[in-house]
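2 protein chains.
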Amino acid sequence: MTYCVGILLNEGVVLASDSRTNAGIDRVSTFKKMHIYQQAGERFFALTTAGNLSLTQGVLSLVDEWLYSGDPDKDLWATESMFGAARIIGKAIREMHKVDDGYMMEAVDYSASIILTGQIKGGRLRLFLIYNAGNFIEAMGDTVYFQIGEVKYGKPILDRILTPESSLGDAVKCALISFDSTMRSNVSVGPPIDILLYRRDSMEKVFVDRLDEGDPYLQTIHEKWGSAILEAFNQISAQPDWDY
Amino acid sequence: MTYCVGILLNEGVVLASDSRTNAGIDRVSTFKKMHIYQQAGERFFALTTAGNLSLTQGVLSLVDEWLYSGDPDKDLWATESMFGAARIIGKAIREMHKVDDGYMMEAVDYSASIILTGQIKGGRLRLFLIYNAGNFIEAMGDTVYFQIGEVKYGKPILDRILTPESSLGDAVKCALISFDSTMRSNVSVGPPIDILLYRRDSMEKVFVDRLDEGDPYLQTIHEKWGSAILEAFNQISAQPDWDY
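Chains A and B are the protein sequences, given in the same order. Under full-length UniProt numbering, the first residue of the first sequence carries the number 1, and numbering increases by one thereafter. Under full-length UniProt numbering, the first residue of the second sequence carries the number 1, and numbering increases by one thereafter.
These are computed hints drawn from the structure, not numbers from a lab. Computed from a predicted model, the values in this text were never measured in an experiment. Misleading hints may appear alongside valid ones.
[To be verified] Covered by chain B, according to a simulated footprint, are these stretches of chain A (three or more residues, beta-carbon under 8 Å):
no. : segment
1   : 160-170
2   : 173-185
3   : 207-217
4   : 220-227
[To be verified] Once the Cα atoms are required to be at most 16 Å apart in a straight line, the calculated EDC-like pairs of lysine to aspartate or glutamate come out as:
no. : chain 1 : residue 1 : chain 2 : residue 2
5   : B       : 224       : A       : 42
6   : A       : 91        : A       : 71
7   : A       : 121       : A       : 80
8   : B       : 205       : A       : 243
9   : B       : 205       : B       : 11
10  : B       : 121       : B       : 243
11  : A       : 91        : A       : 109
12  : B       : 91        : B       : 64
13  : A       : 205       : B       : 204
14  : A       : 91        : A       : 75
15  : A       : 121       : A       : 42
16  : A       : 224       : B       : 100
Ideal Cβ positions, reconstructed from N, Cα and C, are used throughout, including at glycine.
All chains should be built: construct the whole structure from the sequences, respecting the hints.
The structure is reproduced here in structure tokens:
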């Protein structure tokens, strides 16, 4: 399984992804699910992937092969907008399906979803959720985040905390609490966790870090959130009127 | 959709279920998903159902028809153990499938799952999760709860709070927080919420209540938990070392 979240804020964007991959419970391995394409000062793209690993790796290989082709419908360096970039990723998913679908057994879930964020000089910072069919939606208005993979365990905390006004630091903290809840409930989601922060309009500075299982901040989140929740729970009184 | 949770504690058992049913987003209605069978002082059973409504109603109708037959393999009044009671519910699911499966289109998810709890005089209070195939598992040791339906959003809080030593009052509070998170994230889960509390070995006293949307305790949980989470979140400092 996989868990990835992308958060679009006034201040910038936060992207986080786990790195556990499994083909059956007895074949667990570590693959990076976050990928960055950047021309400093000009354009920055980052994406995280969920789904069938051969499919998502294929998508990335296609996107790589298309770089420097100069074709704005295929080349991330040549596209003129984030909309165009999202279409390129969608096109790569569609190409993979065109070639492979006829050979896939029904038993295999040959599907994927991708979160894409980025900014091209002169354009807006945008966040997309790209579906398996290659179509996509964009975060805007009240929707400040997208999740892919094992999305449900970690959703309530995102809903309760995040607004467009949240700081990058708060968004990272919130994302890591969301990961903590998810990893606690689904062992097929696990560290290291890749984190990316990008300041809107910076066009060059992208902070990335990889948090291993023993990372002090991850540990702090894990322990402090557990005790903070317990404290919050104890603040609410039990129903006083019931006779049982 | 549906959300139900059953919690087995040293002190007794807590059962909670929502009551929203939908056949498509434009056909939403209210059905009680909690059902009690009781002979005061002698035996007490309670169950909550999730899944296809015609299937779960059929299961209950069969169980009702089998009452007073005197057949210990079918009659909840005649079975001698909770294991036997769980087998009766499983048998009713299997009977429904035997009769109906040939007529169900593939497009319809004709499946169900059921949480069963209860105690027969002289026996233990037990909690079962009965699957669509009629087989079942029992809560024991570290596993103090079962969920059915839309289980993921509300699972983290249960994992963080509940132990066998939790009080009935705390378990209700925890269950309602779990419902609050679930209802916030999935509109097809909704009030009224049916609540049942049973004290171990009481063999007669079963407290039940139905919490409507405007119920003051439900409102308190909703508001206080929201602000308590925010407070807990603010207690944890942002990652201080990162340069972004």
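Given the hinted pair residue 91 of chain A and residue 75 of chain A, is their Cα-Cα distance within 16 Å? holds, 11 Å
Agreement of residue 205 of chain A and residue 204 of chain B with the hint, judged by alpha carbon distance not exceeding 16 Å: Violated, at roughly 67 Å.
For a C-alpha distance cap of 16 Å, please report whether residue 91 of chain B and residue 64 of chain B respect it. With Cα atoms ~13 Å apart, residue 91 of chain B and residue 64 of chain B stay inside 16 Å; holds.
Residue 91 of chain A and residue 109 of chain A were given as a pair; does the straight-line alpha-carbon distance stay at or below 16 Å? violated, 19 Å
Given the hint that residue 121 of chain B pairs with residue 243 of chain B, does the C-alpha gap stay at or below 16 Å? Status violated; Cα separation ~65 Å.
Quickly compare the C-alpha distance for residue 121 of chain A and residue 42 of chain A to 16 Å and report which way the hint goes. Measuring from Cα to Cα gives roughly 5 Å; hence the hint holds.
Checking one constraint from the list: CA of residue 205 of chain B to CA of residue 243 of chain A, max 16 Å. Satisfied? Holds. Residue 205 of chain B to residue 243 of chain A sits at ~10 Å (cutoff 16 Å).
Residue count check for the segment 160-170 of chain A against chain B: does it reach three with CB-CB under 8 Å? holds (count 6)
Quick check: the segment 220-227 of chain A, covered by chain B? Criterion 3+ residues, Cβ under 8 Å. Three-residue rule met by the segment 220-227 of chain A, so holds; n is 5.
Restraint check for residue 205 of chain B with residue 11 of chain B, where alpha carbons must lie at most 16 Å apart: holds, 13 Å
Given that the segment 207-217 of chain A was listed as covered by chain B, double-check it with a C-beta distance under 8 Å for 3 or more residues. Coverage by chain B holds for the segment 207-217 of chain A (3 residues, Cβ < 8 Å).
For the pair we were handed, residue 224 of chain B and residue 42 of chain A, check the Cα-Cα distance against 16 Å. violated, 47 Å
The structure fails to meet hints 5, 10, 11, 13, 16 from the earlier list, while all remaining hints are met.
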